[in-house]
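Those protein sequences? They're chains X and C, same order as listed.
Quick note on numbering: this note's numbering labels position 130 of the first sequence as 130, and the sequence is numbered without any gaps.
Quick note on numbering: this note's numbering labels position 19 of the second sequence as 19, and the sequence is numbered without any gaps.
The hints are simulated quantities; they were obtained by calculation from the structure and are not laboratory data.
Watch out, some of these pointers could steer you wrong.
Here are the computed lysine to any residue pairs in the SDA-like style, where the Cα-Cα straight-line distance is at most 20 Å [as the list claims (entries may be wrong)]:
1. X:271 / X:226
2. X:271 / X:203
3. C:13 / X:118
4. C:42 / X:53
5. X:145 / X:49
6. C:13 / X:82
7. C:42 / X:55
8. C:13 / X:24
9. X:145 / X:51
10. C:42 / X:19
11. X:28 / C:13
12. C:42 / X:119
13. X:28 / C:18
14. X:206 / X:87
15. C:42 / X:205
16. C:13 / X:20
17. X:291 / X:86
18. C:42 / X:52
19. X:28 / C:10
20. C:42 / X:96
21. C:13 / X:21
22. C:13 / X:206
23. C:13 / X:19
24. X:291 / X:202
25. C:42 / X:98
26. C:13 / X:205
27. X:28 / X:298
28. C:42 / X:209
29. X:291 / X:217
30. X:206 / X:80
31. X:206 / X:143
32. X:145 / X:54
33. X:28 / C:42
34. C:42 / X:51
35. X:206 / X:298
36. C:13 / C:30
37. C:42 / X:48
38. X:145 / X:202
39. C:13 / X:96
40. C:42 / X:56
In case you want the letters, here they are:
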Amino acid sequence: MADTAAQTEVATRAAVPARWQDFVALLKPRVMSLVVFTGLTGLVCARAPMNPVLAGVAILCIAVGAGASGALNMWYDADIDARMRRTRGRPVAAGRVQGADALGLGVTLSILSVGLMVLAVNLLAAALLAFTIVFYAVVYTMWLKRSTPQNIVIGGLAGALPPVIGWAAATGTTPLNAWLLCAIIFLWTPPHFWALSLYTAEDYAKVGVPMMPVVRGAASTRRQILFYSLIFVPAAIAPAFTGLGGRLYLAVSALGGAAFIGLAARLAAGKAGEAAEARGEGLYAVKAGAKDARNLFAFSILYLFALFAALLAERLAGLPALRP
Amino acid sequence: MSDGFNESPEAAKARRMRSIAIALALGAFVVLVFIVTIVRIKGHVVDPGF
Numbered sequence: 001m002a003d004t005a006a007q008t009e010v011a012t013r014a015a016v017p018a019r020w021q022d023f024v025a026l027l028k029p030r031v032m033s034l035v036v037f038t039g040l041t042g043l044v045c046a047r048a049p050m051n052p053v054l055a056g057v058a059i060l061c062i063a064v065g066a067g068a069s070g071a072l073n074m075w076y077d078a079d080i081d082a083r084m085r086r087t088r089g090r091p092v093a094a095g096r097v098q099g100a101d102a103l104g105l106g107v108t109l110s111i112l113s114v115g116l117m118v119l120a121v122n123l124l125a126a127a128l129l130a131f132t133i134v135f136y137a138v139v140y141t142m143w144l145k146r147s148t149p150q151n152i153v154i155g156g157l158a159g160a161l162p163p164v165i166g167w168a169a170a171t172g173t174t175p176l177n178a179w180l181l182c183a184i185i186f187l188w189t190p191p192h193f194w195a196l197s198l199y200t201a202e203d204y205a206k207v208g209v210p211m212m213p214v215v216r217g218a219a220s221t222r223r224q225i226l227f228y229s230l231i232f233v234p235a236a237i238a239p240a241f242t243g244l245g246g247r248l249y250l251a252v253s254a255l256g257g258a259a260f261i262g263l264a265a266r267l268a269a270g271k272a273g274e275a276a277e278a279r280g281e282g283l284y285a286v287k288a289g290a291k292d293a294r295n296l297f298a299f300s301i302l303y304l305f306a307l308f309a310a311l312l313a314e315r316l317a318g319l320p321a322l323r324p
Numbered sequence: 001m002s003d004g005f006n007e008s009p010e011a012a013k014a015r016r017m018r019s020i021a022i023a024l025a026l027g028a029f030v031v032l033v034f035i036v037t038i039v040r041i042k043g044h045v046v047d048p049g050f
C-alpha cells in the first residue's frame with residue numbers, strides 16, 4: 001500500500017512540469033548578476049571602441065554561460081544539495097526539476113552562449129568562456145569540490161575569469177591589467193567562501209564535502225583567511241598603480257582593504273566555527289560566536305562590488321587613472 | 001482532449017507557461033542572431049578590411 005502511494009507520488013511528480021521560474025533559478029541569478037557586473041567592468045576598462053550591440057551580446061553570452069555552469073552544477077550536486085540547509089531548496093534538489101532537464105538546459109545554454117560569442121564577438125572571448133564553463137562544471141564541480149579542501153581556491157578561477165572575457169571581447173587581447181582583475185577575484189574567493197563555510201561546516205561535513213573547516217579545523221581556516229586577506233588587499237589596491245584605477249579607486253580599495261584586513265584579523269583572533277552551533281535559516285542567521293565570520297562574509301561581497309563599481313564609475317565618468 | 005495522463009489544471013498551466021517561455025527565448029535568440037548578423041555585415045561594408 002505504502003509502495004503504491006509512493007509510486008503514485010513519484011508518477012504524479014514526474015508528470016508535473018516544472019514552472020519556468022524553476023529553470024530561471026537553475027541559472028543562479030544572483031551569481032549571474034555578479035558575473036555580469038565584473039564582465040562589464042572588464043569590457044569597459046579595456047577602453048576599446050566597440051559596437052554597443054555587440055558589447056551587449058558579449059555580456060549576455062557571459063551571463064548565459066555563467067547560468068549554464070550553474071545549471072550543470074545543480075544537476076551534478078543534487079544529491080548533496082538536498083541534504084544541506086543552504087541548498088536544499090534548489091530546483092533539482094527539491095525535486096521540482098528533473099536532473100536530466102537541468103543537464104539538458106546547461107549543455108544547450110553552454111553551446112548557444114559560446115557559439116554566439118564566436119559569431120558576434122571573437123574567438124578568444126569564446127574560448128575563454130568555454131574554458132570557464134568547463135572549468136566550473138567539470139574541474140570544480142565534478143572533481144575538486146568533493147576531493148580537496150583547496151576546492152574553492154582552485155575552483156575560484158572560474159568565477160574570476162569574467163573580467164578577462166569582457167576585456168577579450170572588447171580588444172581581442174588579454175593584457176596584464178585584465179589578469180589583475182582576475183587575480184583580485186581569485187584571491188578574494190578563499191576569505192569570502194571560507195568565512196561562509198566556518199558557519200556552515202556542519203552541513204559540509206554531513207555530506208562529505210572536504211571544506212577547509214571540516215578537514216583542517218576552524219582555527220587553521222581562520223589563519224588561512226587572514227593569510228589570503230593579506231595577499232588579496234594589496235592586489236585589490238594594485239590597479240591604482242597600473243594605469244587602471246584613479247583616485248576614487250585608490251580611496252575605495254585602500255579604505256575598504258583596511259576594513260577587510262581588520263575583520264579578517266578579528267576573525268582570526270576569535271573562536272568562529274569552533275563549536276557546532278544550531279543556527280537559523282539563511283546565510284546571515286548565526287549565533288554570537290560566528291558573527292565575525294558572518295561579518296567578513298557580508299563585507300567581502302560589499303568590498304568586491306565597491307572595487308568594480310569604482311573602476312566602472314571612473315571609466316564612465318571619464319576620470320583619469322593615477323598613472324597613464 | 002486527453003493526452004494520456006491525468007494532469008491537474010495547475011500542472012497544465014505550469015506546462016503551458018513553460019512552453020511559452022521556451023518559445024519566447026527561442027524567438028529572442030533568432031532575433032538576436034539576425035541583429036548580430038546585420039551589425040557584423042554593416043561593419044564589413046563600412047570597413048571591408050582590404
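Taking the hints in turn, this is what the structure says about them:
1. Distance hint between residue 271 of chain X and residue 226 of chain X is fulfilled; the C-alpha atoms sit about 14 Å from each other, no more than 20 Å.
2. The hinted pair formed by residue 271 of chain X and residue 203 of chain X meets the criterion: a straight-line CA distance of about 19 Å does not exceed 20 Å.
3. For the hint linking residue 13 of chain C to residue 118 of chain X, the alpha-carbon distance of about 37 Å lies beyond 20 Å, and the restraint is violated.
4. Restraint check: the Cα-Cα separation between residue 42 of chain C and residue 53 of chain X comes to about 12 Å, which is no more than 20 Å; the hinted pair holds.
5. Restraint check for residue 145 of chain X and residue 49 of chain X: the C-alpha separation of about 40 Å exceeds 20 Å, so the hint is violated.
6. At roughly 27 Å between alpha-carbon atoms, residue 13 of chain C and residue 82 of chain X are farther apart than 20 Å, so this suggested pair is violated.
7. At roughly 16 Å between alpha-carbon atoms, residue 42 of chain C and residue 55 of chain X fall within 20 Å of each other, so this suggested pair holds.
8. A C-alpha spacing of about 17 Å is found between residue 13 of chain C and residue 24 of chain X, which places the hinted pair at or below 20 Å, so the restraint holds.
9. Proposed proximity of residue 145 of chain X and residue 51 of chain X is contradicted: the alpha carbons are some 39 Å apart, above 20 Å.
10. For a cut-off of 20 Å, the pair hint linking residue 42 of chain C to residue 19 of chain X is broken: about 40 Å separates their Cα positions.
11. With a C-alpha separation of about 24 Å, the suggested pair residue 28 of chain X and residue 13 of chain C falls outside the 20 Å cut-off, and the hint is violated.
12. Restraint check for residue 42 of chain C and residue 119 of chain X: satisfied, since their Cα atoms lie roughly 14 Å apart, inside the 20 Å limit.
13. Restraint check for residue 28 of chain X and residue 18 of chain C: the C-alpha separation of about 18 Å stays at or below 20 Å, so the hint holds.
14. The straight-line distance between the Cα atoms of residue 206 of chain X and residue 87 of chain X is roughly 13 Å, inside the 20 Å bound, and the hint therefore holds.
15. Taking the CA atoms of residue 42 of chain C and residue 205 of chain X, the gap is about 57 Å. The hint is violated against a cut of 20 Å.
16. In summary, the hint linking residue 13 of chain C to residue 20 of chain X is supported, as the alpha carbons are separated by about 11 Å, within the 20 Å threshold.
17. For the hint pairing residue 291 of chain X with residue 86 of chain X, the CA-to-CA distance comes to about 17 Å; that is within 20 Å, so the pair holds.
18. With a C-alpha separation of about 14 Å, the suggested pair residue 42 of chain C and residue 52 of chain X falls inside the 20 Å cut-off, and the hint holds.
19. Of the supplied pair hints, the one linking residue 28 of chain X and residue 10 of chain C is violated, its CA atoms being roughly 25 Å apart against a limit of 20 Å.
20. Between residue 42 of chain C and residue 96 of chain X the alpha-carbon distance is near 45 Å, which puts this suggested pair outside the 20 Å criterion.
21. In summary, the hint linking residue 13 of chain C to residue 21 of chain X is supported, as the alpha carbons are separated by about 13 Å, within the 20 Å threshold.
22. In summary, the hint linking residue 13 of chain C to residue 206 of chain X is not supported, as the alpha carbons are separated by about 38 Å, beyond the 20 Å threshold.
23. Our distance criterion of 20 Å between C-alpha atoms is met by residue 13 of chain C and residue 19 of chain X, whose separation comes to about 9 Å.
24. The straight-line distance between the Cα atoms of residue 291 of chain X and residue 202 of chain X is roughly 16 Å, inside the 20 Å bound, and the hint therefore holds.
25. The straight-line distance between the Cα atoms of residue 42 of chain C and residue 98 of chain X is roughly 43 Å, outside the 20 Å bound, and the hint therefore fails.
26. As the CA atoms of residue 13 of chain C and residue 205 of chain X are separated by approximately 40 Å, the hinted pair breaks the 20 Å bound.
27. Taking the CA atoms of residue 28 of chain X and residue 298 of chain X, the gap is about 18 Å. The hint holds against a cut of 20 Å.
28. Of the pairs offered as hints, the one joining residue 42 of chain C and residue 209 of chain X is violated, with about 52 Å between alpha carbons and a cut-off of 20 Å exceeded.
29. Restraint check: the Cα-Cα separation between residue 291 of chain X and residue 217 of chain X comes to about 17 Å, which is no more than 20 Å; the hinted pair holds.
30. Using a Cα cut-off of 20 Å, the hinted pair residue 206 of chain X and residue 80 of chain X holds, with the two alpha carbons roughly 9 Å apart.
31. A C-alpha spacing of about 19 Å is found between residue 206 of chain X and residue 143 of chain X, which places the hinted pair at or below 20 Å, so the restraint holds.
32. A distance of roughly 35 Å separates the Cα atoms of residue 145 of chain X and residue 54 of chain X; the hinted pair therefore is violated under the 20 Å criterion.
33. Pair hint residue 28 of chain X plus residue 42 of chain C does not hold up; C-alpha atoms about 36 Å apart against a cutoff of 20 Å.
34. Between residue 42 of chain C and residue 51 of chain X the CA atoms are separated by roughly 11 Å; this keeps the pair inside 20 Å, and the hint holds.
35. A distance of roughly 24 Å separates the Cα atoms of residue 206 of chain X and residue 298 of chain X; the hinted pair therefore is violated under the 20 Å criterion.
36. For the hint pairing residue 13 of chain C with residue 30 of chain C, the CA-to-CA distance comes to about 26 Å; that exceeds 20 Å, so the pair is violated.
37. Straight-line distance between C-alpha atoms of residue 42 of chain C and residue 48 of chain X comes to about 19 Å, which keeps the hinted pair within the 20 Å bound.
38. Proposed proximity of residue 145 of chain X and residue 202 of chain X is supported: the alpha carbons are some 16 Å apart, at most 20 Å.
39. At most 20 Å may separate the alpha-carbon atoms for a hinted pair to count; residue 13 of chain C and residue 96 of chain X meet this at roughly 15 Å.
40. Annotation: proposed proximity of residue 42 of chain C to residue 56 of chain X holds, straight-line Cα distance about 17 Å (limit 20 Å).
Taken one by one, the earlier hints fail for this structure at numbers 3, 5, 6, 9, 10, 11, 15, 19, 20, 22, 25, 26, 28, 32, 33, 35 and 36, listed in ascending order.
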